[in-house]
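*Asks:* Those protein sequence lines, which keep their order, are chains A and B. Counting along the first sequence from 1, when you hit position 306 you're at 306 in the working numbering, and nothing is skipped either side. Counting along the second sequence from 1, when you hit position 315 you're at 315 in the working numbering, and nothing is skipped either side.
Any given hint might turn out to be false.
Some chain B residues near chain A, calculated using beta-carbon distances under 8 Å [stated by the list, open to error]:
(1) Thr-98
(2) Asn-132
(3) Leu-133
(4) Val-162
(5) Gly-163
(6) Gly-179
(7) Pro-183
(8) Pro-184
(9) Glu-185
(10) Lys-209
(11) Gly-210
(12) Glu-215
(13) Arg-225
(14) Trp-227
(15) His-230
(16) His-232
Chain B regions said to be covered by chain A (calculated; three or more residues, Cβ under 8 Å) [what the hints assert, rightly or not]:
(17) 148-161
(18) 195-207
(19) 218-224
Just so you know, these hints were derived from the structure itself, not from any lab. Each residue gets a CB set at the ideal place from its N, CA and C atoms; glycine is no exception.
There are 2 protein chains.
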Amino acid sequence: MNVYRYEENPLITPADVRPLHENFEVIGAFNAAVTELDGEVIMLLRVAERPIMEEPNMVKVPWIDVESGKLTVHAIDTRDSRYDLRDPRVVQERGKSTWSYLTSISYLRIARSKDGRHFDIDDGAFLYPSGNLEIFGVEDPRITAIDGAYYITYSAISPAGVGVGLAVTRDFRSVERMGMIFPPENKDVVLFPERVGGTYYALHRPVPKGVGGPEIWIAESQDLRHWGNHRHLLPLRPGQWDSTRIGAGAPPIKTPSGWLELYHGADERNRYCMGAILLDLNDPTKLLARAEQPILVPEADYERVGFFGDVVFSCGALVSRDIVKLYYGVSDTSMACAELRLSEILGALTYL
Amino acid sequence: MNVYRYEENPLITPADVRPLHENFEVIGAFNAAVTELDGEVIMLLRVAERPIMEEPNMVKVPWIDVESGKLTVHAIDTRDSRYDLRDPRVVQERGKSTWSYLTSISYLRIARSKDGRHFDIDDGAFLYPSGNLEIFGVEDPRITAIDGAYYITYSAISPAGVGVGLAVTRDFRSVERMGMIFPPENKDVVLFPERVGGTYYALHRPVPKGVGGPEIWIAESQDLRHWGNHRHLLPLRPGQWDSTRIGAGAPPIKTPSGWLELYHGADERNRYCMGAILLDLNDPTKLLARAEQPILVPEADYERVGFFGDVVFSCGALVSRDIVKLYYGVSDTSMACAELRLSEILGALTYL
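Isolated chain A, as found in the complex:
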């Protein structure tokens, strides 16, 4: 696969983003959705901010208080044996099977560009956590333009679980929430850009606690707000690069051969790559083809090293004739872009 990484990469880093919160620092500007509007490339960044650590043996954990809507910070002594702090992203209480706090809070913020390489970042948040389902933040958006409106799906994180919220904008100035469309545990939801046979489709990625894995499912809707007829679509591949976790990345790309979905996959070592599948143009619940090898793997320095290294994670692409401009988060830290040939991706698919 020929991959042309922009010379300007990384396009946006945490240093480019002024924190919204006093005594916080930006540690991530990554996993952005991307679209075009009025001649501009718009990235909807996930910005992660964390409290500045002044004391050596303290970790501070932030969340939004539901009653007041205010950002709240709690300090945890790193020597306190009740806590496990080995994963830099979370604070875990020993004896519990999952984390209790995140070490940063994420919200969505807009970056704008004329050339797709140089971006200016809006001052405020575009979508800030709100209500009891977003106490720990909002993350990893995707944008799908449908009939002149831009629909945004995003991860909503709270003590009740990780679900997927829907919001809509027409101008990337104001935004309206449409509720949680996939309940916990779910992430990585992309909407198809048009009805297929009269029906809207979405790819989603549930994470069952019991039997079943973090695999890709497909669901149907008539109004984008309500979803049903869930079907299992794409399994993990034991022993391969996408063996432990997969999820839809960019919203599906319509091609004459079918719907092309660029998805992420991780292996046992938590290396995240991007791969490709093809779905039937008239029935996207039918998997036609899957690429054996990833189309993008972490190779550049900025993809190998960061807050959580060895990660390329795309939430959106711009397609112009045979060029796929794949925007992607790197190392849970920054944003990058690479161009690939659509025809080459399609040529790499193995039909089932």
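Place chain B on chain A using the hints.
*Replies:* Same frame as chain A, now just chain B:
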């Protein structure tokens, strides 16, 4: 709480049900949905059958082969150290966090009664597992009558996860599937019997793998097939009888005070009891009241001892004026019924 258990309890036991499959035995006839039609009480039983064990050191695990639609049995040597067989319900592979096989396969079967105490059991299955989302069976149905149709929600079990299917019947002779309405991991879905403010509601119980617990959520629909606007409704109560797992039981009961939901809760010792909450009549996303103590606890022999003991688990109730006839599964084995006073349940609620 005054509880009148029927003298005929248990009303149906596995011995009353002829197995559908050759060389299988019925080990459970339990967790039945209940409704009334043409002067009959209809129970939709979960019937669990398992392969008869002829050899002492073998466990046989059944599933439905997707291609052929045929029941398939695989034998596992109990001395094989790769497997953990301590839970009688499942076969677990060591080193995996969840089960790989069930030791029985469940399907839905009808029992009919004139008096609600003596039941005749239909010969065949009413809803038999079908397709790749029901490979390991269908379980724990609920029935809600809406506008002359009977909607059935049930757990669909497969290697891809445990989700919730919807089906509809008008006569309890034929049935039509309407797809999976809640993707994995989810169970314990009850539909409200009418629109509230123009909207259908359902209670559901996701099980997130990461943050969040097996708690009760509420969702909205316009057509019963597609669901959205998911909201968190009812938390676990650490240290109490409903500390580890809760889920909706009987479909919500309309009372002048609000929607009464009789739900199940389990504690650290896996004792399942039934409890009660009250939701706002005009906005069921609002929790008005919750009973501190359970309304039904395992006390009778048949509730204490069985395939999985110390369990009372209701999937449906019939209400006649002030009498709640609570049908419930006992010890994952049989069916029982107890009468409680509606007024007494409502009187036991603590308003928030």
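*Asks:* Identify every previously stated hint that the structure contradicts and give their numbers, smallest first.
*Replies:* Structure breaks no hint.
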